[in-house]
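Chains as they are written, first to last, in this note's numbering: chain A, 176 to 289; chain B, 131 to 243.
FYI, nobody ran anything at the bench for these hints, they're computed from the structure.
All C-beta atoms in this analysis are idealised placements derived from N, C-alpha and C, irrespective of residue type, glycine included.
Each hint should be verified, as a subset may be incorrect.
[Stated by the list, open to error] Below, a sample of chain A positions facing chain B; criterion: calculated Cβ distance under 10 Å: (1) K184; (2) R186; (3) A227; (4) E234; (5) G238; (6) Y239; (7) E254; (8) C266; (9) G272; (10) G274; (11) Q276; (12) D282; (13) G283; (14) R285.
Letter by letter, the chains look like this.
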Amino acid sequence: NAGVTQTPKFRILKIGQSMTLQCTQDMNHNYMYWYRQDPGMGLKLIYYSVGAGITDKGEVPNGYNVSRSTTEDFPLRLELAAPSQTSVYFCASCSDGAGAQPQHFGDGTRLSIL
Amino acid sequence: DQQVKQNSPSLSVQEGRISILNCDYTNSMFDYFLWYKKYPAEGPTFLISISSIKDKNEDGRFTVFLNKSAKHLSLHIVPSQPGDSAVYFCAARPYNQGGKLIFGQGTELSVKP
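Excised from the complex, chain A in its bound form (with noise of 0.2 Å):
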């Protein structure tokens, strides 16, 4: 039972490129979400999905934008990339937003911006 697969596991990236975060779950959770995590700080999020084809901002979503066509995946996409991006990205997902599930994370992919 892998749960939620993040790929790639480390990147660097030069200022102006772009990259896409690859995230999947075999849980069938409906909810899925992209937090980054800053070094000293906790998680804040970027966006969210309640369910494929639906799609929501975050605390900081500028910079980033996401898709969800599929129930199991939801990429993260960095469009120009910034020093200010360089985060660890964890991706989550949750069976039920309302009820007492608690989100299952990745293991995070960790991304330097140089």
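Fit chain B to the known structure of chain A by using the hints.
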């Protein structure tokens, strides 16, 4: 505007003793509070949660207490073990907002043998 705060960046405890991690929040519109544990190079792992209508929830060595009037919750670990050494995040879930979580900054717990 930090809605969820963990004011202690670190905590050191002797093995076998109690660890108490604290969390404060400023918004009353949360329906669940959760604690996550995080090891280096791994994602956060769910530990325990509490509904806003409860004041205590217990799971083995872990107990969470919620004081709504003080807008404060705490996680008690008894007895503490070296394997409990990790960063602990408090998180709050706003009512009816797609299940998203608002996290505190984290507290790094070190349990000494």
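Structure-based check of each hint:
1. The beta carbon of K184 of chain A is positioned within 10 Å of a beta carbon in chain B (closest approach about 9 Å), and the interface hint is therefore held.
2. For R186 of chain A, the interface hint is violated, the least distance from its beta-carbon to any beta-carbon of chain B being 15 Å, above 10 Å.
3. Because the closest C-beta pair between A227 of chain A and chain B is about 14 Å apart, greater than 10 Å, the hint is violated.
4. Because the beta carbon of E234 of chain A sits about 8 Å from the nearest beta carbon in chain B, less than 10 Å, this interface hint is met.
5. Given the 10 Å rule on beta carbons, the hint for G238 of chain A is violated: about 19 Å separates it from the nearest Cβ of chain B.
6. With a cut of 10 Å, the hint placing Y239 of chain A at the interface with chain B is violated, because the nearest CB-to-CB distance is about 15 Å.
7. Interface restraint check: E254 of chain A against chain B, minimum CB-CB distance 23 Å, threshold 10 Å, status violated.
8. Using the Cβ-Cβ criterion of 10 Å, the hint placing C266 of chain A at the interface with chain B is satisfied: the shortest such distance is roughly 8 Å.
9. At a threshold of 10 Å, the smallest CB-CB gap from G272 of chain A to chain B is about 3 Å, leaving the interface hint in force.
10. Contact between G274 of chain A and chain B, as hinted, is supported at the beta carbon level, the nearest pair being about 9 Å apart and thus within 10 Å.
11. Checking Q276 of chain A against chain B: minimum C-beta separation of about 8 Å stays under 10 Å; hint holds.
12. Here the hint on D282 of chain A is kept, as its CB sits about 5 Å from the closest CB of chain B, short of 10 Å.
13. With 10 Å as the threshold, the beta carbon of G283 of chain A comes within range of chain B, its nearest partner Cβ sitting at about 6 Å, so the hint holds.
14. Because the beta carbon of R285 of chain A sits about 8 Å from the nearest beta carbon in chain B, less than 10 Å, this interface hint is met.
When held up to the earlier numbered hints, the structure conflicts with 2, 3, 5, 6, 7 and fits the remainder.
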